[in-house]
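Novice: Single-letter residue listing:
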Amino acid sequence: MTYKVIGKRVKRVEDPRLLTGQALFVGDVTLPDMLHAAFLRSDYAHAKLISIDVNLALEVSGVVAVYTAADMGDAWEPGPPLVSPPPTLENVVFNSRRQVPLVKDKVKHAGEIIAVVVAESRYIAEDAVEEILVEFEPLPVVVDLEKCLEPGSVLVHDDLDTNLAAHLVQNKGDYESARKGADLIINRRFQLDRGAAVAMENRGIVADWNEKNQHLTVWDATQSPIPIRNGLAARLGLTQRQVRVIAPFVGGGFGPKIMMFYAEEMVLPWITMKLGVPIKWIEDRRENFYATTQEREQIHEVEMALSKEGHILGIKQTIIHDTGAFNPYGLTTPLNTQSHSMGAYDVQNYSSEVIVVFTNKTIVTPVRGAGRPQGIYIVERLLDIAARELELDLMEIRRLNFIPPDAFPYEHKIIDQAFVPLILDSGNYEPAFDKALEMLGYEDFIKKEQPRLRAEGKHVGIGIVPFIETTGVGPYEGARVSVEPSGKISAATGVGTQGQSHMTSFAQIIAEHLGVQVTDVNLVTGDTAEFQWGTGTFASRGAVVAGNAVNAAASDVRQKVLKLASKILETPEKELELEDGMVRVVDIPDQSISLGELALLANPLRGAVEPGTEPGLESTKYFGPAFGATAFGVHGMILEVDPETMMIKIRKYITVEDCGTMINPLVVEGQIHGGVSMGIGNAYYEKLHYDENGQLLNANLADYLIPGSTEMPHIDVHHANTPAPNNELGTKGVGEAGAIPVPALFAQALENALHDYELEILETPLSPNRLYELLHKQEDPS
Amino acid sequence: MENTFAISVTVNGTPYQRSVDPRTLLSDFLRYDLGLTGTHVGCEHGVCGACTVLLDGEPVRSCLLFAPQVDGHEILTVEGLGTLDDLHPLQEAFRETHALQCGFCTPGILTTLLPYLEENPNPTEEEIREAISGNLCRCTGYQHIIDAVKLAAENMNP
Amino acid sequence: MKVTGEHIFKGTPKQVWDLFRDTDVMAAALPGTKNMEAVGENEYEAVMNVRVGPVAGEFSGTLVLSNEDYPKSYTLTVEGRGKPGFLKGTGDINLIYQGENSTLMEYGGDVQIGGKLAGVGQRLIDTVSKSIISQAFDTLDEVLAERTAAEEEGREAEYRKASEKDYAAAVAKDIVGGFLSAPWMKWLLGVFIVLIIVLILIISLT
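Protein chains in written order, with the numbering used here: chain G, 1 to 782; chain X, 1 to 158; chain C, 1 to 206.
Don't take every hint at face value.
With a Cα cut of at most 30 Å, we get these calculated DSS-like pairs of lysine-lysine [to be verified]:
1. Lys8/G <-> Lys652/G
2. Lys150/X <-> Lys8/G
3. Lys652/G <-> Lys150/X
4. Lys83/C <-> Lys104/G
5. Lys150/X <-> Lys649/G
Some chain X residues near chain G, calculated using beta-carbon distances under 8 Å [stated by the list, open to error]:
6. Thr4
7. Cys43
8. His45
9. Glu79
10. Pro89
11. Phe94
12. Glu96
13. Pro107
14. Glu118
15. Gly141
Calculated directly from the structure, the hints in this document are not laboratory data. Virtual Cβ for every residue (Gly too), placed ideally from N, Cα, C.
Based on the sequences and whatever the hints tell you, model everything.
Specialist: Structure below.
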């Protein structure tokens, strides 16, 4: 299908507001009589709460109230289970333990909330927090993923006799039989550590209970306003219509802003209903490091069986996944790791055990990539190791194992976060892979450039890593599209926006159908008063699930427009075209009517309409896919390492991305650049350093290093296009893609650059310091 | 307020007289006392650069200054550049090249670049990377920002 | 984490031990100490101001002394909490006479820190701790020399108490030096804390 607006590099409609400081973020909300909250959080990672004395805090001038768990009475209850384990999985152990609004008896990770101060200003509230006297009884802390399972270990949850949060096994084929026929068995242990999402905007909430209207309005920097609205109504004993949640402009999400309910999301609405005045809290960066969710810490014991030609016969692994102190987000992340550990390859035999553990650390929920980078890391590392052992070319072994194009839809069989056995809908991997090699100049680099540079004493290495990304999972999203008498289009969808350009991409879809300018579309996202059905912005699904709902609604409105215009212009529908905000008779431009006039006619003030006619030119549609759309990509890079400082210079970085139909290539490229940036952080700069007492040792942006402009390379992006067969637009998600292969890519390229050290990298993230240690260990085994 | 400090400051060309608690951060003063919420606060410890404003033409971190420190000075915030209907060429270039996604860090990057481009009308990619190395952006990977700066440099110095 | 260190005093173990038991001396050696009182036979409470880079505030702590073997060794257990966070640790202190009026003090301990001090102060803790340690030992050396001289001359010893200003200046100087020479990301935070513990303990002994 040839599109006029979809697929074009359209400038964003949201930009003028953002560029001039006129876009509303939660922090910008100010209401009359608004009070401010500050939280007292536990410094201890594990401690009994003996007593709290708030009297001195209450004496601080300007303090209105101080609350502890005891004050909440019956309103004190843990957050709801956000995601349950897939009911389709058999023999799952799942011990659900959810975060609490205020700590009642025992602190389970540093940063949990002990008390909240409500005051006239944030300054005063923070002063008063320091006046609260708390008696703790510090307890031994458990942070290690394996030690926490040993008999007699300290328990995070005393009502469980174990720190096991979940256990499940998924099998495909028969690994043990496959193993018997193998020529090569590789066993490795991989250690993957934690990182933070670090959206530039911290979280924030303004809650406003209007006693006279009996209505609650909450501005929340969340990725998921509708479920927050529904959950708040349930918690507070209100109807869903009495609660409006607005996620206005949100300054980056990257996963953690869909965790719910955060303690603060439970506490602030309760306070505004108690006091009857608006209350505001904006998370500071230090709070963000302790209270906002994190991800990626896992230990893998893996075995891969191969033929001597390099065919993967099977993979077996045990994954220990750290969920932190609570597990509200169910099994989403480890399930993603499980399904992505076969990568883009045809693996017929797979045996995979997942052990999820509780530790005294911040809660784990998906962060951009959500378990997928770990899975890709495992399979790509194993292939690198296998190729070396079998003396095969690193690229050939991948080609040999790719799922061939005629195998789609490919039954992957592992149940993933969509709750059904995964089916890879489509793909054409090898041409994209070849393209990546060509873009990187692989042959030339290996044969000429690298030997020449090595002769000069330079440590230059090359890496190429393919990956898949499951995207666009259900359950569903919806959209409403409406032509207004002004000729402008209003539209709304339930998914909020955190920078993904929804207001532009969705407007392009609408403009395509209705023949209007993108700037004529006013799209509202993330306001439950505008659209109240949906789940949220996560799992690279906006363009797929909400995009196709917008597409369906816009297409339906187009049909309504054509039907009415056909009647008025006395011309068959197929002879009409929608262009420049008008419906015209093809080839007779004078015979036309504007969309605005049609909208007026569709909503008459007097007279009779045909029975059964809906007013207006409006449609609400939903899209719910049976299974997701699986994207594919290849990243490649050439880097140089200074073996003295271990600082790196990325000389070239390329990606080939196949996300099916692109709505806006400019936006897709932006998503990839950003994803790569987070991936580079994950691979070489960002690690949350927890000590053995559950203390985070780098809880600030001066010590937790996210890539800056000087760490980032120029990235060349090439678009391949295998349209998704199961949705009208043919879109596949791309939001997380950029981040997924980067740690595996770094490991491959660093090993190649430091080939003379015979380095084998089995961990991520690395850092200059860590790489130095690894090389040093290599040189000096003692 | 028991202990207040009277300050006079010109922000985006408009003179203001306000009485503030002496410990009020410049960022909070701009955002809440003056309602100029375009200046964003991302880390409160001077690392991320989102809160950058111009103090007498020089980029400063408004989260690291107290409001009384700017008494008698001139401040320029993002609201002092273009308007919704009439973007500054630098803002226009950001839009043209998709140099912002969530847009939270953008005000601080624009204010950092404004004086930079005046002094360096034709920067190389390397120089642009250096110029914005004190501003963190989690969305863009900086590449489109660099494209924007190049484009702005062309458009501002034809 | 484990922390160890040593220092050579010009004096006998008994002189050093006595030095440590002098509140005035220890208050001078350890800037920021506000008060110290015995709350049990071998238990003390102390309050001191701590400043590590951007993290500052008052610490109050409990110190418990055990395994006392005068004038050779003792064990110290400390728990402290305050706005900057918390610390918890146990240390062993040994005084070894090396002849020629020279005593080697060895200290080794296991320390935990938490809160802001850990999460935000980390970057500077290494340099600040080294600075405090070297300042404290300098002061103690001076005092010891003055005592020895006074004893020889048969007069009362006099010593100058270091001001907070001197302390801050010295820390600033060391931080600048640290930026120029110290490798980053060394997690030797404990040295500082152990020293505080040692010194607080010492004060508490008086």
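Novice: Each hint: holds or not?
Specialist: Results of checking the hints against the structure:
1. Between Lys8/G and Lys652/G the CA atoms are separated by roughly 27 Å; this keeps the pair inside 30 Å, and the hint holds.
2. Between Lys150/X and Lys8/G, the direct Cα distance comes to roughly 22 Å. Compliance with the 30 Å bound is thereby established for this hinted pair.
3. Pair hint Lys652/G plus Lys150/X holds up; C-alpha atoms about 20 Å apart against a cutoff of 30 Å.
4. Distance check on the hinted pair: Lys83/C and Lys104/G sit about 22 Å apart at the alpha-carbon level, within 30 Å; holds.
5. Taken as a hint, the Lys150/X and Lys649/G pair is honoured in the structure, with Cα atoms around 23 Å apart against an allowance of 30 Å.
6. At its closest, the beta carbon of Thr4/X sits 13 Å from a beta carbon of chain G; the interface hint therefore is violated under the 8 Å criterion.
7. Nearest Cβ of chain G to the Cβ of Cys43/X: about 4 Å, under the 8 Å cut. The hint holds.
8. Interface restraint check: His45/X against chain G, minimum CB-CB distance 6 Å, threshold 8 Å, status holds.
9. Because the smallest distance between the Cβ of Glu79/X and any Cβ of chain G comes to about 5 Å, under 8 Å, the interface hint for this residue holds.
10. Among the interface hints, the one on Pro89/X is violated; its C-beta lies about 11 Å from the nearest C-beta in chain G, farther than the 8 Å criterion.
11. Hint status for Phe94/X: holds, given a least beta-carbon distance of 6 Å to chain G, under 8 Å.
12. Evaluation of the Glu96/X hint against chain G yields a held restraint, the C-beta minimum of about 6 Å falling below 8 Å.
13. Interface restraint check: Pro107/X against chain G, minimum CB-CB distance 6 Å, threshold 8 Å, status holds.
14. At about 19 Å, the closest approach between the beta carbon of Glu118/X and any beta carbon in chain G exceeds 8 Å, and the interface hint on this residue is violated.
15. Because the closest C-beta pair between Gly141/X and chain G is about 3 Å apart, less than 8 Å, the hint holds.
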